[in-house]
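Q: Below are the chains, spelled out letter by letter.
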Amino acid sequence: MTAATVTARRAFTDTSFVAPGEQAEEEQLTLAFSFRNVTKQFKDKRVLQGIDLDVQEGQFVAIIGKSGCGKSTLLRLLAGLDRPTSGAIVYGAEAKEQKRTRIMFQEPRLLPWARVIANVEVGLTGIEKGEVARRNSQEILAEVGLADRGGEWPSVLSGGQRQRVALARALVGHPSILALDEPLGALDALTRIEMQQLLERIWIAKKFTAVLVTHDVTEAVALADRVVVIDSGRISLDLTIPVERPRRHASPELAFYERQILDRLYNR
Amino acid sequence: MSRALSSFGRSTLGWLLPALLLAGWEGASRAGLIPANVLPAPSAVGEAFWKLLLSGELIENIRISTLRALSGFAVGGLIGFSLGLANGLSSLSRELTDTTLQMIRNIPHLALIPLVILWFGIDEEAKLFLVALGVFFPIYVNTLLGIQGVDPQLVEMGRIYGMSRRQLFLRVILPGALPSIFVGLRYALGIMWLTLIVAETISASSGLGYMAMQAREFLLIDVVVLSILIYALLGKLADALARFLERLSLQWHPAYQTV
Ligand SMILES: Nc1ncnc2c1ncn2[C@@H]1O[C@H](COP(=O)(O)OP(=O)(O)OP(=O)(O)O)[C@@H](O)[C@H]1O
Ligand SMILES: [Mg+2]
Numbered sequence: 001m002t003a004a005t006v007t008a009r010r011a012f013t014d015t016s017f018v019a020p021g022e023q024a025e026e027e028q029l030t031l032a033f034s035f036r037n038v039t040k041q042f043k044d045k046r047v048l049q050g051i052d053l054d055v056q057e058g059q060f061v062a063i064i065g066k067s068g069c070g071k072s073t074l075l076r077l078l079a080g081l082d083r084p085t086s087g088a089i090v091y092g093a094e095a096k097e098q099k100r101t102r103i104m105f106q107e108p109r110l111l112p113w114a115r116v117i118a119n120v121e122v123g124l125t126g127i128e129k130g131e132v133a134r135r136n137s138q139e140i141l142a143e144v145g146l147a148d149r150g151g152e153w154p155s156v157l158s159g160g161q162r163q164r165v166a167l168a169r170a171l172v173g174h175p176s177i178l179a180l181d182e183p184l185g186a187l188d189a190l191t192r193i194e195m196q197q198l199l200e201r202i203w204i205a206k207k208f209t210a211v212l213v214t215h216d217v218t219e220a221v222a223l224a225d226r227v228v229v230i231d232s233g234r235i236s237l238d239l240t241i242p243v244e245r246p247r248r249h250a251s252p253e254l255a256f257y258e259r260q261i262l263d264r265l266y267n268r
Numbered sequence: 001m002s003r004a005l006s007s008f009g010r011s012t013l014g015w016l017l018p019a020l021l022l023a024g025w026e027g028a029s030r031a032g033l034i035p036a037n038v039l040p041a042p043s044a045v046g047e048a049f050w051k052l053l054l055s056g057e058l059i060e061n062i063r064i065s066t067l068r069a070l071s072g073f074a075v076g077g078l079i080g081f082s083l084g085l086a087n088g089l090s091s092l093s094r095e096l097t098d099t100t101l102q103m104i105r106n107i108p109h110l111a112l113i114p115l116v117i118l119w120f121g122i123d124e125e126a127k128l129f130l131v132a133l134g135v136f137f138p139i140y141v142n143t144l145l146g147i148q149g150v151d152p153q154l155v156e157m158g159r160i161y162g163m164s165r166r167q168l169f170l171r172v173i174l175p176g177a178l179p180s181i182f183v184g185l186r187y188a189l190g191i192m193w194l195t196l197i198v199a200e201t202i203s204a205s206s207g208l209g210y211m212a213m214q215a216r217e218f219l220l221i222d223v224v225v226l227s228i229l230i231y232a233l234l235g236k237l238a239d240a241l242a243r244f245l246e247r248l249s250l251q252w253h254p255a256y257q258t259v
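Taken in sequence, the protein lines are chains A and B.
Quick note: the first sequence uses our numbering, first residue 1, plus one each step.
Quick note: the second sequence uses our numbering, first residue 1, plus one each step.
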């Protein structure tokens, strides 16, 4: 991915996400999804207590919060795996069909008994079949750098490679929203950075809306247009990261935002 | 080439000990260390084998026993597998039948022999019933366990990607349960032969067990030993077949990957 396309991409999000005054019209057109006062309760435990969140199409949002604060719950609601106790989640025109929202977990969740290519094809269930499915899967596999591994069993791949197969599976059906629940959490530091770059590159190329749950503040500011901090079931910080891409890891600019988020997380 | 050679070497290695034992046995018999009316020499058993083979008696008995074993296995296995599936997939079905089945499981099926003889006499049904009953439980229990053990995260994944119930079953649940089902299959094959031997020894007018009992009456100890050996061979054959199928369908499993 060249720097030029990266900046072009940046410009795209900028126009759809400008000064608060002119937003109204634009927002209606390009809204990917919107949480309207969403709460979620498990038995007598209120996990989410009134989440309001509008996300623009094509935006990269990172969600951060302490363990158990309800991040996964929020993603599951977004992906339609659970229903909110009250409130509503409204999807933009692009994401109307449920199958256009995909979710990726910390574990790759590949079928051990299916070859890598067949695992990617699972992502086309009910969308495409046979020859076409095979061809599209092969293509996306090449994009995640595993072009020649399609015939292997998942068990012979490394953790990072398995997660890339899971990414390919999530993307092969061209989702408009991709929800990622700590997808890189189990990877070592080096593989992690590599995967972050891959994720960014693919996000820029495919123009989907990305919602990334992570524990890693550095990862969040490196990847996201916007970081949302959740604390005791509410959004406690909603921070735009207006840093040009490609971003340099650990640059002072990013460190500035990172500090702000950490301060909020630890109430400093 | 060298891999093929070494795998050949390994499979022959397993036969080394039996061959040595056999040679030792023959030697001991010839030297008179083992009286012929206790244990005949392997060569005597070989002779008995040849004689019975020529008369067609052996083949006929093997055929009958195998047929009994397989039909009992098919009936019991099929019922066990279906009930295992049903109870693994539907909690209603499980609640309805599992407790009852677990209770029946505690009765050793061979303890039913007197009752079965009263019901069926020494007809084919008696053997079929006993084998089917013996085979049923290992298949049932392991199918159920296999299905309950399928990773729920994979099932959820299948749902997320919009698999239909049929697809979910064929692509996620059944393959996930297969290793456990194979454990049940191999265990059931063992029980199948065991049950048949006992049933044929007690009540039959044909088959390998009957052949052995007849030979005992006429003190043909070589034929008795021969029947025992053939049982062992058939059991081994069934197990090898199951292993082969297992290897074939569990290629994805790290434990079965050769390369
Ligand atoms: N199905 C459920 N039934 C009951 N309680 C649940 C359920 N799912 C989540 N919870 C509870 O909701 C709270 C939030 O869980 P959630 O998984 O969303 O946290 P999280 O922010 O993703 O945490 P982590 O960072 O550790 O993954 C936890 O206290 C958890 O115990
Ligand atoms: Mg979580």
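These are computed hints drawn from the structure, not numbers from a lab.
Mixed in with the good hints there might be a few duds.
As the list claims (entries may be wrong) - One-sided excerpt, in silico: chain B residues whose CB lies under 7 Å from chain A:
1) G149
2) V150
3) Q153
4) M157
5) F218
6) Y256
As the structure is a computational prediction, the values presented were derived from the model and not from experiment.
Backbone N, C-alpha and C define an ideal beta-carbon position, used for all residues, glycine too.
Q: Could you run down the list of hints and mark each one as holding or not?
A: Hints, verified against the model:
Violation of the interface hint for G149/B is found here, the shortest Cβ-Cβ separation to chain A being roughly 13 Å, above the 7 Å cut-off. Annotation: V150/B was flagged as interfacial toward chain A, and the flag is violated, the nearest CB pair being 11 Å apart, outside 7 Å. About 5 Å separates the beta-carbon of Q153/B from the nearest beta-carbon of chain A, less than 7 Å, and the hint is met. For the restraint placing M157/B at the interface with chain A, the shortest Cβ-Cβ distance is roughly 4 Å, inside the 7 Å limit, so the hint holds.
With its C-beta approaching chain A no nearer than about 54 Å, F218/B sits outside the 7 Å limit, and its interface hint is violated. For Y256/B, the interface hint is violated, the least distance from its beta-carbon to any beta-carbon of chain A being 10 Å, above 7 Å.
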